[in-house]
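J.: Spelled out from the first residue to the last, the chains are:
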Amino acid sequence: NAGVTQTPKFQVLKTGQSMTLQCAQDMNHEYMSWYRQDPGMGLRLIHYSVGAGITDQGEVPNGYNVSRSTTEDFPLRLLSAAPSQTSVYFCASSYSGRETYEQYFGPGTRLTVT
Amino acid sequence: QLLKQSPQFLSIQEGENLTVYCNSSSVFSSLQWYRQEPGEGPVLLIALYKAGELTSNGRLTAQFGITRKDSFLNISASIPSDVGIYFCAGRPTSYDKVIFGPGTSLSVIP
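Chains as they are written, first to last, in the numbering used here: chain A, 141 to 254; chain B, 96 to 205.
If we strip away everything but chain A, and leave its shape as in the complex, we get (with noise of 0.2 Å):
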C-alpha cells in the first residue's frame, strides 16, 4: 500500500493564481480531510469528508473547495490564491467505524503565493 498520496510536493503560485492539490489513498478510508499547518497554529482543519459524495467544511474552509467523486481521492482546489494561503497543507485519511479519526496523513505539500 502507497498509504496517503499528495502531489505536489512543492509548488509557488503568483496572487490570483488557481490550483488543485491532490490527495489519493489506497487504503479504502471513508473519511478524508484537509488541514493546512501555519507556525504555532498546529493544524487547522479546512475541509472534510465522511464518504464518497458528501463533503463539510472545517474550521477555515474560504478560499478553499473540495469534492468527493471518488472514495480514492480527496482534491483540493484554491479559487484565487492569496499570500496568506502561504502554508504547508496536509491531507488524511482513516477508516469507518470506532477507528474513524484516527487519521493516516501524507506527506504534505508546501505552498508559497508570491
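For lysine-lysine, the following DSBU-like pairs were computed, each having C-alpha atoms within a straight-line distance of at most 35 Å:
1) A:K154 - B:K192
2) B:K164 - B:K192
3) B:K192 - B:K99
4) B:K99 - A:K149
FYI, nobody ran anything at the bench for these hints, they're computed from the structure.
Given chain A, put chain B in place with the hints provided.
T.: Showing chain B alone in chain A's frame:
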C-alpha cells in the same frame, strides 16, 4: 482554539520523563495524540475513547479525563528520537470532524 496544549515548548535532558497536557471547555467523544517529525506528516501515537481511559504504547502513556475535556501524554526515559511536535486531536461530541491542538515542540538534549 478549541483545544489547548501546554507547555508550548519543552526542552529536557535525555533520560528524563515529561508530560504534555491538553484541555478544552468542550466535551470530546474521542481524543488522540500524534507526533510530527520535521518535514513529515503527523503519526498517531495513542487513541482514547472512554472517560478515564489510561493507555500505554511502549514508553508513552496517555489518559482521557473523566469529564472528557482533557488528557495528558507522558513519555518516560526520553531519548533523542523523541524530538518533534506533539499534538492532541479530538472529535467534539456531536461532530464528525477532528480538530487539533496547537502542538508542543519537544527537544531532547543528549
